[in-house]
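Top line first, the protein sequences correspond to chains A and B. The first sequence begins at 1 in the numbering used here and counts up one residue at a time. The second sequence begins at 1 in the numbering used here and counts up one residue at a time.
Hint data in this document are derived by calculation from the structure and do not stem from the laboratory. One or more of the hints may lead you astray.
Quick list of the computed label-pair ranges, beta carbon to beta carbon [what the hints assert, rightly or not]: (1) Val10/A to Ser305/B: 40 to 46 Å; (2) Leu7/A to Met239/B: 15 to 21 Å; (3) Ala13/B to Gly232/A: 46 to 52 Å; (4) Gly242/B to Pro115/A: 42 to 48 Å; (5) Glu238/A to Arg60/B: 50 to 56 Å; (6) Leu7/A to Ser303/B: 46 to 52 Å; (7) Gly220/B to Asp278/A: 50 to 56 Å; (8) Gln35/A to Thr28/B: 47 to 53 Å.
Just so you know, these numbers come straight off a predicted model, no measurement behind them. For every residue, glycine included, the Cβ atom is placed at its ideal position computed from N, Cα and C.
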Amino acid sequence: MIRFSKLARVTAALTTPLTAEDFMALFNPVYSSRQLRGVVTRVVHETEDSATIYFRPGNGWHAHQAGQWARIGVELDGVRQWRSYSLSNAAGHDPAITVKDAGAVSHVLVRDTKPGDVLFLAPPQGDFVLPEHPRSLLMLTAGSGITPVMSMIRTLIPRRPDADVVLINSNSTPEKSVFREELDELADQFPNLTVRHWFTSTRGRLEFKAKAIAELCPDWRSRAAYACGPEGFLNDAEDLWEREAALERSRTVPDVTAGAGAEASRTGTLTIERFSTDLTAGAGHDGGLVTFEQSDREVQADGDTPLLDIGEDAGVLMPSGCRMGICHSCLVPLRAGQVRDLRSGELHNTPGQLIQTCVSAAAGPVNLDL
Amino acid sequence: MTTTLTRPGALAASGHPLVRPDAAKHLTDEQVEELGRELDAVRDEILAKRGATDAAYIRRVIKLQRSLEFAGRGTLLFSKYKPAWFAGTAMLSVAKILENMEIGHNVLHGQWDWMRDPDIHSTTWEWDFVTPARSWQHTHNDLHHRWTNVIGKDRDIGYNLLRMDPDQPWKPFNLGNPLYNAILAPVFEWGIALYDLEIPEFKEGLKSKADMSRDLKAVGVKVVKQFSKDYAATPAVAMLTGSGKQALYGTLAANAIRNFWAHAVIFCGHFPDGTDTFTEEEVDGETRGDWYVRQMIGSANISGSKLMHFMTGNLSHQIEHHCFPDLPSNRYAEVAVKVREICTRYGLPYTTGPLPKQVGSTWAKIFKLALPNRKPKAATA
Chain A
1 MIRFSKLARV TAALTTPLTA EDFMALFNPV YSSRQLRGVV TRVVHETEDS
51 ATIYFRPGNG WHAHQAGQWA RIGVELDGVR QWRSYSLSNA AGHDPAITVK
101 DAGAVSHVLV RDTKPGDVLF LAPPQGDFVL PEHPRSLLML TAGSGITPVM
151 SMIRTLIPRR PDADVVLINS NSTPEKSVFR EELDELADQF PNLTVRHWFT
201 STRGRLEFKA KAIAELCPDW RSRAAYACGP EGFLNDAEDL WEREAALERS
251 RTVPDVTAGA GAEASRTGTL TIERFSTDLT AGAGHDGGLV TFEQSDREVQ
301 ADGDTPLLDI GEDAGVLMPS GCRMGICHSC LVPLRAGQVR DLRSGELHNT
351 PGQLIQTCVS AAAGPVNLDL
Chain B
1 MTTTLTRPGA LAASGHPLVR PDAAKHLTDE QVEELGRELD AVRDEILAKR
51 GATDAAYIRR VIKLQRSLEF AGRGTLLFSK YKPAWFAGTA MLSVAKILEN
101 MEIGHNVLHG QWDWMRDPDI HSTTWEWDFV TPARSWQHTH NDLHHRWTNV
151 IGKDRDIGYN LLRMDPDQPW KPFNLGNPLY NAILAPVFEW GIALYDLEIP
201 EFKEGLKSKA DMSRDLKAVG VKVVKQFSKD YAATPAVAML TGSGKQALYG
251 TLAANAIRNF WAHAVIFCGH FPDGTDTFTE EEVDGETRGD WYVRQMIGSA
301 NISGSKLMHF MTGNLSHQIE HHCFPDLPSN RYAEVAVKVR EICTRYGLPY
351 TTGPLPKQVG STWAKIFKLA LPNRKPKAAT A
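Let the sequences and hints guide you as you build the complete structure.
Rendered as structure tokens:
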């Protein structure tokens, strides 16, 4: 690649103001001087409303760790739209995302994507990844929450005989359960994986009570737990782990000599991966005039719409990431005015402060340095 | 939920300017207001339709332009063979014209920003033209489109070089009007680069030293890159086939052809007979409707085939472009039908004509205004 970039610098004398990549894109669409792209190589329909899309990324992509996600850009009616999707295949393999048809962008990805299509990409990120040292694991997933966990299972199970993974996978029906057959096959083939399917159509909602979880996984307290699924599912899981931790604290007499033995008997950690954020806490207020100073655009914004959406609708090139306030890819300096954090209702008005545009709305006039 | 406007566009919906231009004197405030609403509706209709086909259009044009540029420059490397020289020069000329007009000019207006594609965006685009994109956006988008044809505000009326309106005071320097224009045409891109430096504004103290040195630096870098691409790097590579000199003539010719063409088309935008200029009183208190009126009666179209519109970057639809500078250029043809109908209905002039007629009319004006006005205007009303 270094040799290529030197060559590119020489050829730039002939291509300015364009770059050699701009011309190479005539022959291969993954080339771009400005944006990472990938070409779809294969589309596999998993269930009636989900598909796995394999792609070959261009320069600038880096290999993903099991459990990470990537931002994927597609065009809807000619307009670039970005969403984040978990990478579902094993670390070390070509990247693939598994998408459930649940919104405008995922609909296009599931229904209309075909090999040869170009996807816009941002490199993988996220810290919902496997622990550094071997531990026994409990995976709790619901619906499309299986995708990052599938990558972990595919990475770990065939290669690590010492792994010990229990998966509790909740879905409405067997037909809607993505990767069900592959999971069953892996569980048959490898003794280090136990799969517990939970179908809500026959058994009702999975209850996050110590007894119910223990029935599915008796030693759940000693395992490092990972949960991924809808908001309610994750909140329930969090509540259970918090209750258990509180119970233990009340039982444990502080004892400086307790040492490592006591550590092991405590409830393990719970790591969660959210797909959305509740933005209602700061909603219901007045907005204001938003000025994108460098782009020379002014937009009248309401108090409930994130500044990221306001800017994108006005044609401003907004940096963006997870769109739920966790990755900080969307930070823009505030020049003047006031914004409200839609998650908490908190106001920010210090000039120079970096604003998370995906979860902040105008609270009066706002000037952004963009 | 939200409304977008490009600054500074916040004009009153109702009211009237201090003086309404002669061509629109017969209209009442209410009629001008209604005209504004009708044109807003034309714009909204296109915004609602704008989508995947438009995006595919601009990508197709960019692909065509890059293919022509690649093939043209490649062919010039063998230009010691006469057919290769003609083919290479022709392809490169067309590539440069498309790059500057249908792509560059329009992308830099933000016509394609709605796609949110960082590769085709007004804030990231740089063009194959000596003047840096950002400098041009300032004098063109901010000043010319805001103050279209307002004497004393819009310096595009003659580009500080030519006397293009009888209301501009005559000086002996203006005797050279036709000569200056003839010299400007083949080196048009250098003229625009110089113009965008805003040297008169700097001399008048309206532009700061810091801004001036920033702009000089930017144009300096661009000049070196542009000059070395066409007049050093391309001939140098062509020397490998013994075509160095011919390749240099080829790039010189391609740039000159593009300059002649751009100069001709752009001068047809506001200078032919039938276009109006305005006083500052005529824009003081201007409403949204009056703004549209000024854009329409201050601009002129060029009639012709689809290919003709394409090669002018749809600047042949100058009237529509001035009403809606950020609508995608491929939509101007359908907008034109409606704008023309509105002009007819409101009794406003809609100036258009074939290219030779409009170019002739512009040159006639340049000759005429080389001399002082024959009938001086009455000193007082």
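Now the hints, each set against the structure:
no.: 1; hint: Val10/A to Ser305/B: 40 to 46 Å; result: 42 Å, holds
no.: 2; hint: Leu7/A to Met239/B: 15 to 21 Å; result: 20 Å, holds
no.: 3; hint: Ala13/B to Gly232/A: 46 to 52 Å; result: 48 Å, holds
no.: 4; hint: Gly242/B to Pro115/A: 42 to 48 Å; result: 46 Å, holds
no.: 5; hint: Glu238/A to Arg60/B: 50 to 56 Å; result: 51 Å, holds
no.: 6; hint: Leu7/A to Ser303/B: 46 to 52 Å; result: 48 Å, holds
no.: 7; hint: Gly220/B to Asp278/A: 50 to 56 Å; result: 53 Å, holds
no.: 8; hint: Gln35/A to Thr28/B: 47 to 53 Å; result: 52 Å, holds
Going through the hint list in order, the structure satisfies each hint without exception.
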